[in-house]
Each structure stands twice: as structure tokens, then as C-alpha cells.
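Just so you know, the protein sequences line up as chains A and B, in that order. Just so you know, numbering that gives the first Met the number 0 puts 386 at position 387 of the first sequence, and the rest follows in order with no gaps. Just so you know, numbering that gives the first Met the number 0 puts 175 at position 176 of the second sequence, and the rest follows in order with no gaps.
Hints may contain errors.
[Unchecked claim] Below, a list of computed lysine-lysine pairs in the DSBU-like style, where the Cα atoms sit at most 30 Å apart: (1) A/K63 <-> A/K33; (2) A/K334 <-> A/K347; (3) A/K208 <-> B/K161; (4) A/K372 <-> A/K495; (5) A/K454 <-> A/K414; (6) B/K161 <-> A/K221.
Hint data in this document are derived by calculation from the structure and do not stem from the laboratory. Nothing here was measured: the structure is a model prediction, and the numbers come from that model.
What follows is each chain in one-letter form.
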Amino acid sequence: MRSYLRLLPFAFASCVFTSGLSLANEGPTDAKGKVVLPAAVSALPIEQAVLTSPPHVPPPIERKHAARVVINLEVTEVVAKLSDGVEYTFWTYGGTVPGSFIRIREGDVVEFHLNNHPSSKLPHNIDLHAVNGSGGGASSTFTAPGHSSQFTFQALNPGLFVYHCATAPVPMHIGNGMYGLILVEPKEGLPVVDKEYYVMQGEFYTTGKYGEEGLQSFDMAKAIDERPPYIVFNGAVGSLVGDKALQAKVGETVRIFFGVGGPNVTSSFHIIGEIFDRVYPEAGLGLPNAHVQTTLVPSGGATMVEFKVDVPGTFILVDHSLTRAFNKGALGMLKVEGPEDRVIYSGKEIDAVYLGAQAQAGSDSAKRETELKAKIAAQIKTNPAIAELTKEMRIEKGQQVYMGLCFACHMGDGKGLPGAFPPLAGSDYMLADRDRSIRIVLKGLVGPVTVNGKKFDSAMPPQEAVLTDAQIADVLTYVYNTWGNTGDAFTSTQVKALRNAPH
Amino acid sequence: MTATLPRTLRALALCLLLAGSAALGVPLPTDGTNRPSALHEIVIPAGTYVPLQRSLKDAPQIPVAAFLLADRPITNAEFLAFVTAQPAWRRSRVSPLFADASYLGHWIDDLTPGPNAPLDAPVVRVSWFAARAYARSLSQRLPTTAEWELAAAAGYTRPDGKNDPDLQRDLYAWLARPVPAILPSVTTPRPNLYGVRGLHGLVWEWVDDFNTALVTGESRADAGLDRDLFCGAGAIGAKEMTDYAAFMRQALRSSLQANNTTTSLGFRCARDLSPSAPPAP
Chain A
0 MRSYLRLLPF
10 AFASCVFTSG
20 LSLANEGPTD
30 AKGKVVLPAA
40 VSALPIEQAV
50 LTSPPHVPPP
60 IERKHAARVV
70 INLEVTEVVA
80 KLSDGVEYTF
90 WTYGGTVPGS
100 FIRIREGDVV
110 EFHLNNHPSS
120 KLPHNIDLHA
130 VNGSGGGASS
140 TFTAPGHSSQ
150 FTFQALNPGL
160 FVYHCATAPV
170 PMHIGNGMYG
180 LILVEPKEGL
190 PVVDKEYYVM
200 QGEFYTTGKY
210 GEEGLQSFDM
220 AKAIDERPPY
230 IVFNGAVGSL
240 VGDKALQAKV
250 GETVRIFFGV
260 GGPNVTSSFH
270 IIGEIFDRVY
280 PEAGLGLPNA
290 HVQTTLVPSG
300 GATMVEFKVD
310 VPGTFILVDH
320 SLTRAFNKGA
330 LGMLKVEGPE
340 DRVIYSGKEI
350 DAVYLGAQAQ
360 AGSDSAKRET
370 ELKAKIAAQI
380 KTNPAIAELT
390 KEMRIEKGQQ
400 VYMGLCFACH
410 MGDGKGLPGA
420 FPPLAGSDYM
430 LADRDRSIRI
440 VLKGLVGPVT
450 VNGKKFDSAM
460 PPQEAVLTDA
470 QIADVLTYVY
480 NTWGNTGDAF
490 TSTQVKALRN
500 APH
Chain B
0 MTATLPRTLR
10 ALALCLLLAG
20 SAALGVPLPT
30 DGTNRPSALH
40 EIVIPAGTYV
50 PLQRSLKDAP
60 QIPVAAFLLA
70 DRPITNAEFL
80 AFVTAQPAWR
90 RSRVSPLFAD
100 ASYLGHWIDD
110 LTPGPNAPLD
120 APVVRVSWFA
130 ARAYARSLSQ
140 RLPTTAEWEL
150 AAAAGYTRPD
160 GKNDPDLQRD
170 LYAWLARPVP
180 AILPSVTTPR
190 PNLYGVRGLH
200 GLVWEWVDDF
210 NTALVTGESR
220 ADAGLDRDLF
230 CGAGAIGAKE
240 MTDYAAFMRQ
250 ALRSSLQANN
260 TTTSLGFRCA
270 RDLSPSAPPA
280 P
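This is chain B alone, in the form it adopts within the complex:
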């Protein structure tokens, strides 16, 4: 429905969105940052992450400290505010080193998301560099693979999402459908146990260390482990072969370069949980 709104209404909607957040008492950006409205940070409790694949040099388990994670991906509205404030990240100005030719390709122009990019839909076609710059602009960062996977391991109602039949059904149903031309609102996915939405079943998401997933200079030099994920060899060195969705996330991450963008790849922000950075209300 919102997709059919004309541009002027859409711009108006953005204004209302920002005005609304002011009315709710969330301060509008005045310090050069663009803290998104109506976005909450959730405390993800400390845990451990078992990498899908590892070399003998890698630890079998990675301890993950408690951290703060956005309860949903970044929207087109939020990214529009970012590129408005930082012209270097506009589609027409961004360096090809930092974003490929399809960067924000579904937007009408630099500052108009348009009908194919509803304001409340997750922003996609953004590069790792752009996502990282966005997070930095808010003094935040992208979650690490370990953090992201730890938060995403939870089901809707139980900590072990692998054994949550509802989550598994929704996850594989999403995988079974092509990317829609117009993505739905970030509020549509059902929140998981921690109250985080959209880790599964909305868009793929960048992680800070995406390029450690598979082929790196280091790993190719490591003759003891061929990390190529091809064919049956994909199971070599893998600890858990039955989580196909995890393999797909890993395959996607390892297929990407930092300037790449795709129609189903967005991001969300994270922060350290420390006395110097208390959680947002």
C-alpha cells in the first residue's frame, strides 16, 4: 500500500516519521549523528559461538561478551537521513572502491528512495563500507559474525532456535521464495526470544568480519585446511552439517567483496555493552 504513495506523500511521511519520534521524546539528531527513531537496542546476553567451520588453529568455541544489538535492520528512511547528512555516501558520489555499480540502485535518485524502497523497509543494495560508515556515524558498529550468529541462534520462544519448529518453518519458507521486488516493513518479522526482529526471514545482513568466513590470504596459505566450500567438500571441517541456513549465510558472506551490494543484503548496528556506553532507553 505504501509502495503506491506518490513521492511527495512519501517525503511527507518521512517528515511525519521524524516529527513523530520527536513527539515521543526521542531527540532528533542535533550532534551530527542520525540515531534512528523507534529503533531499540537489545541486550544480547553473553554466550559462545561455535564456528560452522574452523581450521586447527581456530578455537572450537568463541566466547561472546554481552552486547547491544538493534532490534531491527536499518530502514531506507534511516539511510536516507545518513546520505543526506553525508553526501560522500550518495549514490552519485560514492567511490566505486566503496560501493559497486548497483549501490542503492532501486532508489529513484540520491535523496529519493521512491516506490521500490518504502521508508520502513530495510535498506538493501548497500556495501559493507557504507554500512560500516553508517554505524560509525552513530558511534556504533556492525555486529561480528559471532555476535550476529549468537543473537540469531535464538528461536521465537526458546533459546535454541534450531529446535524451534516455527522459526525453522519460517526460515526455510523465506529461503524458498525469491527476493520480492518491494521489501516489507522491518516491523513485519516476528521478534525472537530477545525481542530482535528480522535476523531470519527479511534480508541477509552484513557483519563486521564477513570476509573471514571463507577465503582469505591467510587461509589459502594454510595448507592444512582447504576452506573451499565447494560440493561435498563443503562439509570438510564443519562441525554441524545439518544447519543448511548457516551454510547459506556463510556462503553468501564469503561470496562478497566489501564494495558489493545485492538486492537482499542489508545491515543492522551493534554496540559494546560497557559503562561508558549505557544502553539506550
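The shape of chain A in the complex, shown without the other chains:
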């Protein structure tokens, strides 16, 4: 009953205010009626603002005077692609994420209409950071589904500003895509450039993990914990990739209006292979910073970057907090066409084998290298695991053993001496039995043998007291891999096993 009484005066008030006016005026509560503009403002020319969808930007403002600008921005809740196979219900200004780009001039008096589509589930409003006034317009534009709000503001400060929905719970409204940029051009205009683009970063808190297919819901717990599966440019993974990439020609100067909608995550904005000639930090219009690699853009903030593209190629836009680029979607492309300039950037000139650096003899580093090598050699000697050397090294070491010991009888070419010492090169007897070869080296061999069809009857002395297991493995690996012989490497372990075997 109490609430009913409270409503009655309201109903009567409504009656009074609407008498004589169109009864279609059913705007949200506390509408104050249209502002009475002073004659000087009323006299200004009226124009309708041109709004563009990302990544496009309305053309620069030519006029040199203020105007009364009418802006109509429609709020719609739409299902669209967030990534391949992934859909999301975006809440949008103008049907896109980010919302329509608005371009006005310093001093303009703006009549702003926020139209909430009848199919919307929720009330929405707009907080334009370009506005000086309560809520940045939010308190004047709180609009139920199927309603329209109007308010007026004057653009006092030039610069690039974020706008966003500020209805509770605001992280969800922004998290569903309700943000965009409004540029208030300074009276003197911005420096002339060849291309202007509009890019905004924002994150999405989906119930499913990155790439999980289907229509995804907003995940409140992930939003509160600031754990977004998606951090993207212009509202979707791949929105600026392939044939949707930004375009420029060699020699052109590009300006990017870059903003961060958030709701939570800041951006380390960077373009791979391109240095920003000028950055207007936080989109302030004081003196720009020159020659910047990466610029930090706060959530609910923006920046303007300008750069001349000197060489052709594909330049990648990233949030240089790189898991966001690599794993969450924060990637875009700028494709630059035109002639190469190989002095500025040659491309790959040479691909060659690199053998490692060699220190100058006698230098401190050379001494250290020698010491280190000795240390390593000592460790290898004492470490049987390391001592299991590769075949090539065994062949090399085995050759030294052979030349010191076996060479005298079996000869340098491995052919032995006919009638006296049997050949090793192509020896059917030797190659037939690897273990027998190890035993012969260890224990020696006395008596007749037939090698390659020829009989030999002489004696070979045992080497087990002369050669280590490793040396025997080395020399056998050598003779089994020289003069046309081929075979696996012998190992110390194999030799050791037979050395200790009962005979």
C-alpha cells in the first residue's frame, strides 16, 4: 500500500508534464525536459553525426566552427561469432564490438540519443569519458528496453575517449562488449595522415575454455577472478586477420585509434616490426612521445599512435603480454604493400653453417676454455656412462690403437701378409663372429684358420694385459668400419663381459 501511495504523485506529475506534449514521451524516470539553448548555441548549424563500424573511422572534420551534432546510437543484444565455432551474445552499441566510432569537434554541442532496442533484455546507459557531467551521461541515459533517452553535452576537452555502458553489474555490461571510442578533434584538427583505423581490445569471460564450441555464457566467477579465456581485438578472434587485416601502402602514414574496453585487463600495445613514430600517451593531446616500441593502455583508456610504413610486409598487432596474443586471441594484422627497400630491411641475405666462436690464442677466455676441456676430459675418463662414446669417436681412437699395435702384422691397408698374417679387410672369418673377434684380441689365437678360402697357421699374442676394455672396443670398431668393412660400434661393456667370462 505504501508503495502505491508513493506512486500516485508520480502518476499525476507525469500527467502534468506530458499534457500538451506527445504521450509517446515515456522515457525513464526523472526526465527534466529539453535544455533551453542560448541563442548563440541555437544558431549553430545542426548536423547528424556519421558513425562507422570498426575498424573504420569517420573522415576528419573539415569545418572550422562548432556545430550542434545529433548522435543516434542504438543498443542491441546480438548473437555473433567470438571465434571459429564459438558464439556469444554481445551487448552492443550499433551492432558491433567495439561500438560505432563517433567523431566530433571540440566545442560542439551534442544532442545524444540512446535507443535501447525493444528486443533487449536489459536496461542500458552510456558513460562517455568525453563528457563533463554526472556519470559521463550515464545518469541521463538509463534506458529500459524499447525506450530512448536524450541528453545534451558540450565537448569541452579534445582527445580520444572511451565510452561504455555503466549499468550494474557494469563488469558484465562491458564484458559483453558495451564499449567504443569517441574522438573530440581539437579545434586546429589532428595532423593529416593517409590512413586511420579503429581498434579496441577487450576480454570475454566465457563459461567454456578458449576455443570450446557453441554459444557461450558469461562466467561471473571468471570475471570476478579476472581470468578471461579470451582477450581480443575488435570483439572476436581473427577480426583483423587475413582479408580483414588493416591495409596500407609503403610510404603512407597510419594512425590507429586504439582503446581498451576491458573491463579489467590493460594492454601493452605493440606492432611487431614497426616503431610508433608518435604516441599520444593515454590519448592526451600534449606533445606526443617519439619512437615508441610498446605503449601501455589502461582499461577504460585509449591512445593514438602514428607511424610511417617504410617497407612492405605483414605487421602483427599484439598485446605484448604475450600469452594474451598467443593463447587468448589478442592478434591483428596490418598488411603493407609496395616496393622493397633492402637498405632499410634486406630480408634474409645468407643462410650458412655456424661452427661456434673461436677464442683468440693466449687470451683469458682461451685459457679458461683449455681448463674446462681438461676438466671435462677428466670427468669423462672417470665416468663410465660418458665413456660410452659414439662410434665415430671410437673409430678415431681405434685407429690410434691399430697403428700402434696391429699395424705391424695386419698392415695399414688391413690386407695382412699373404701366407703369414690373415687380412682384416673383408675378412669372412672376422665378420662372421663379433664375440670371437673380441676373444681373439683378449686371449690371442694360435693355430690354423681359414680366411677368405686361404689357410693361415701362425700366432697372435693376447692383448688383455695391454689394452683396456675401451681400447679393445675402439680398435675393433675401427677394423669393423674401415677398408670397406661395416658394423656396429663395440662397447666396453661387451668387452668386459668376455674378459671375465670363463674360457
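Based on the hints, put chain B in the right spot on chain A.
Relative to chain A, chain B alone:
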């Protein structure tokens, strides 16, 4: 499927619906009221409601007496019976003070809901004034915010719906989808612990005191608390910041005027639980 039925079949269906309720022993309206058929009133036990936001003058907790709540929202069929009996609430006759230009805008005409408003779907595009008049015609009323929120706090299988993962999933899935062109039947939502359907996941619902949610003359005069729910300031004075759905309900209520209608806003009825008004069978 029902949406594709021609108008004549639809009218027939309504007749059958009313006849069916008679067959089930529920008396058809004879006393000028339009008690809906196949709608049950559920006893919601007494409890307390903690307002989402409050000024220092407000009590931290509002005690809520046990009351009776309809187990589902009012349907197009029921609202059709109401406007049939009370011509002042027909679309062509209603005063703009009491219902805005989109009132019942998806109906074909005054007395024909048509294919976009299936008879068993919740009625939407109704103003607070109209919803209230409907309830009064049945000697009922709209639930208060405290009552509605108390009943809606229950999960499917537990009293604390906030910790019911199934309910939370369904609730946020519903929030993530645009309003369908044709709403589903009121019987489709899963009943909660009390047996009440559709408090979450079907349509928004009017409450009797919706206009106390945010901006009122009183609260603006109260310099100690700015109740504007804008941006981060929305959390000022809030006790529970993690129930986004509750914030959305509050935002919606506070965006409305009593003559407003939207495509996703309906209502249900409630009654005091007292010896003079025993629960319906």
C-alpha cells in the same frame, strides 16, 4: 509447434483449456474474477531478505512473513480472459498513463494473442498498472521485492540457490541469450525447491514495489547515499557484490516507469497467508 496454429485453432485451444479446467473441478469464473486454471499457489515459508543495496536508514534485513505465491507467471490465455472481462485494459482502450505504446504490442488485436503470443506462454509487454489490476481482479496482489527475492533465492534442490550450480548455470545461460521472438510455455522451467517455476530463466517479473529499487524522490533527497548504480559506483552500499543476476534485476526494476512494458517483462500473483484467505487447493 503451437505457434504455427491458425487463429481459429488457437481460440479453440483456449476454449478447451477453460473447459478442461472445469472438467478437473476447478470452478470457472462466475463471480467476476478470473482465477487462472491449472495454476497453483505455493506457500513460501517465512524468511529474511537482505537488500542488495541500502541506505543507513534501511534495515539490514527485512523479515518476510510466509505468503502464497503463484507457481508460475500469468499466461497470455489468463490475461486474455482478464482483458475480455475488463475492456478498460484492452490495448486499444488503455490510458497511456497506465500503459505505454508497446502494451501487448505482440498481440494481433485486443482479444487475439495470435502466433507471437502462445496461450501457454507468459504474458509480457504489460505495465505495472495492468499487472496490478489483474491481481486485484482476483483479490490478489503482486509480490513485494522482498517476497519475490526470498522465493527466488531457492535453488532447484536446496534453499540456497546461489550455491546451486545447476540453477546458476541455467540463470546465466538465460541471461546470455536474446529474448526469443516467441516465448516458451510457462511449464517449461524447472521448478525450484518450493515447486515454483520460472522465477529465473523465463521472463523478468514486476514486483509491487519495483520503484523503490533505485531512484526515488526520497533517496535523491538523502544526501548520505547516492543510489545511482552507475559504473563502479554501483557497488557502493551493496552488501553482496557477486550476485550479478540480482544487480541486473535491480537495474531493470529501477529503469522502469509504472506504465512501461518490455518484451521480456511479465508478472505473477501473490497473496497474504492468513486465516481469512486460505490457500487454494
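These are the hints, each one checked on the structure:
1. This hinted pair checks out: A/K63 and A/K33 have alpha carbons roughly 27 Å apart, not beyond 30 Å.
2. Distance check on the hinted pair: A/K334 and A/K347 sit about 19 Å apart at the alpha-carbon level, within 30 Å; holds.
3. A distance of roughly 23 Å separates the Cα atoms of A/K208 and B/K161; the hinted pair therefore holds under the 30 Å criterion.
4. Between the alpha carbons of A/K372 and A/K495 the distance comes to roughly 28 Å, so the proposed pair stays at or under 30 Å and holds.
5. Among the hinted pairs, A/K454 with A/K414 is consistent with the structure: their alpha-carbon atoms are about 14 Å apart, no more than 30 Å.
6. Under the criterion of a C-alpha separation no larger than 30 Å, the hint pairing B/K161 with A/K221 is consistent with the structure, at around 16 Å.
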